[in-house]
Amino acid sequence: MGTIIQTYQLTKKFKEQEVIKPLDFSVKKGEICALIGKNGAGKSTLFKILSGQIMPTAGEFQLFGKSGKEMDQAKKRMGFIIEAPVFFPDFTAIQNLEYFRLQRGVVEKKRIYEVLEIVGLENQKRKRFRDYSMGMKQRLGIALCLLSNPDCLVLDEPINGLDAEGIMEIRHLLKKLNQEKQITIFISSHILTELEQLATRYVFIKNGVIVDDLSKESLEAKSKKQILLSVSDPAKSSQILERTFADIQFKVLPNQVITIQNHVESSGEINRLLVDQGVVVKEFRIEALNLEEYFLGLVEEISHD
Amino acid sequence: MINYLKSESYRLLRKKGPYLTSMISLLLIAAASALLYFFGQSDPNFPYATSKFFYSNVISGGVLIILVGSLYNLALTGQDMSLIKQSISFGISRSVIFWSKLLLTLSYFLLICVVGILFVIVLGENLLLSDDQSVRNLLIACVNMVPIVLSGFFLTHTLKMLKVGDIYLIFTLLFMYGFSGTLLRYLLRPIAGLDALYHYAPSTLLSDNLMDFVNDSVHFGSEYWITGTVISGIALLIGAKWFAKQNID
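Residue numbers (full-length UniProt numbering), protein chains in the order written: chain A, 1 to 305; chain B, 1 to 249.
Simulated from the structure, these hints should not be mistaken for laboratory data. Heads up, a few of these hints could be off.
Stated by the list, open to error - Under the rule of at most 25 Å between Cα atoms (straight-line distance), these lysine to aspartate or glutamate pairs were calculated in the DMTMM-like manner:
(1) A/K181 with A/E98
(2) A/K127 with A/E70
(3) B/K16 with A/E70
(4) A/K175 with A/E60
(5) B/K163 with A/E70
(6) B/K241 with A/E60
(7) B/K85 with A/D213
(8) A/K21 with B/D195
(9) B/K85 with A/E217
(10) A/K15 with A/E31
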């Protein structure tokens, strides 16, 4: 699998504050990689460095294996939305895209109409940008990214300000672009439930350091949180569990519910054990952390360290 | 660079500001000549209904011309600058952005200057009392003004590209082209060897050019080009160098 983005000891300091600490990181071809972190974690700074808006203090990075002067050509294969997309307020969607079409040397004018259709703005193309809603502005930003048929999209908060329907449409669009056109996507968002449904890889950043980097499968495996049992006799169940697993961690909750925080992998054995000892198990399920809970757990864990 | 020039040209031709500025400038020229003509017709002793007086108003308007020039530059370096982050992320170099915006706005400004001067001459020669020397003297004085006005335009471009606020820009231009000579004269008076430096200050040169025009002694001067080239060179060098390293947010 080819590498689209690669950083080597990339560092960014603003005055004395190190916003990005020496960072070695890569995005592979075909991935939808989500960058997750709190405000000020360094997400936007990393995106801005990749786009060329700001210069790194140290280290370097490559796009499509190119660095230095050659990177300007590599950037033509990428589409960036960093924070909110900006357009001429007095221009219509068509005029704005025509400006960038000329700038990017896109030969065919009909490409403007194609990208407007892809993002669902084909009926709003004559409206001035200043009259657009937040969602429409974001869509036009994505249309601009697609104008030159990119191989990689770098999107910082692309669903900001969209309503539920808009968010779903953008998610479907990005999935479609990734699956049908093999466009690699590097994305950040505060809406973690969306990233959970969209991304194939999750990278967690805190204070400019990548604190965790895992695939969708690894996240699912790691985020198994606890076993939840609803039993006929919690006291007897507790005795059985303590007798069988010396280090077991569990809580007895109201309504005859027990939650077990470890030995999740032994769930089948626990179920059989209780049933064999005459405990009626009314409900048995494994609760998993969602991305948001995993993220919050990770952040808290690191804060305590 | 060609593609970037094409896109910026597309933008510039669709902005209302430069058209409005051009219209107002030409209207003011027409209004001034009409006013002189009207007073000249209504009062035979009115001494200012001459092309020489009319042209002297153009020669004395160096600072105003520089300020008008900054409006043309602002057409591409004002609020539109917020879009350059998208150009940069597409791999367009800061250098291309800096020089393209300068080239386009300067071309537009120079075109309007040429049209304006022709318009002034046509009105002056047809509506007002003219002598043999006035057009020749006007053109010589205008040539002397060119490097000074251009240096003001380049300085404006650099300051705008480096995100300097409009108020600071206006103060800088007013100081450089309005009061720099007076200040240098007082500051450097006690320093032997530097006490004559104020002669090369842009405000002194603009003022000298006007006086020479009024006294019918205007001539081509190298000092205008020396000062204009030094200011332009420093402004563009600093602008291009600093803009290449500037963070774009």
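Hint by hint, here is what the structure shows:
Using a Cα cut-off of 25 Å, the hinted pair A/K181 and A/E98 holds, with the two alpha carbons roughly 24 Å apart. Our distance criterion of 25 Å between C-alpha atoms is broken by A/K127 and A/E70, whose separation comes to about 38 Å. Straight-line distance between C-alpha atoms of B/K16 and A/E70 comes to about 38 Å, which puts the hinted pair past the 25 Å bound. For the suggested pair A/K175 and A/E60, the alpha carbons sit about 30 Å apart, so the restraint of at most 25 Å is broken.
Of the supplied pair hints, the one linking B/K163 and A/E70 is violated, its CA atoms being roughly 28 Å apart against a limit of 25 Å. Taking the CA atoms of B/K241 and A/E60, the gap is about 21 Å. The hint holds against a cut of 25 Å. The hinted pair formed by B/K85 and A/D213 fails the criterion: a straight-line CA distance of about 29 Å is larger than 25 Å. Restraint check for A/K21 and B/D195: the C-alpha separation of about 54 Å exceeds 25 Å, so the hint is violated.
Distance hint between B/K85 and A/E217 is unfulfilled; the C-alpha atoms sit about 36 Å from each other, more than 25 Å. Between A/K15 and A/E31 the alpha-carbon distance is near 34 Å, which puts this suggested pair outside the 25 Å criterion.
In terms of the numbered hints stated before, the structure departs from hints 2, 3, 4, 5, 7, 8, 9 and 10, listed from lowest to highest.
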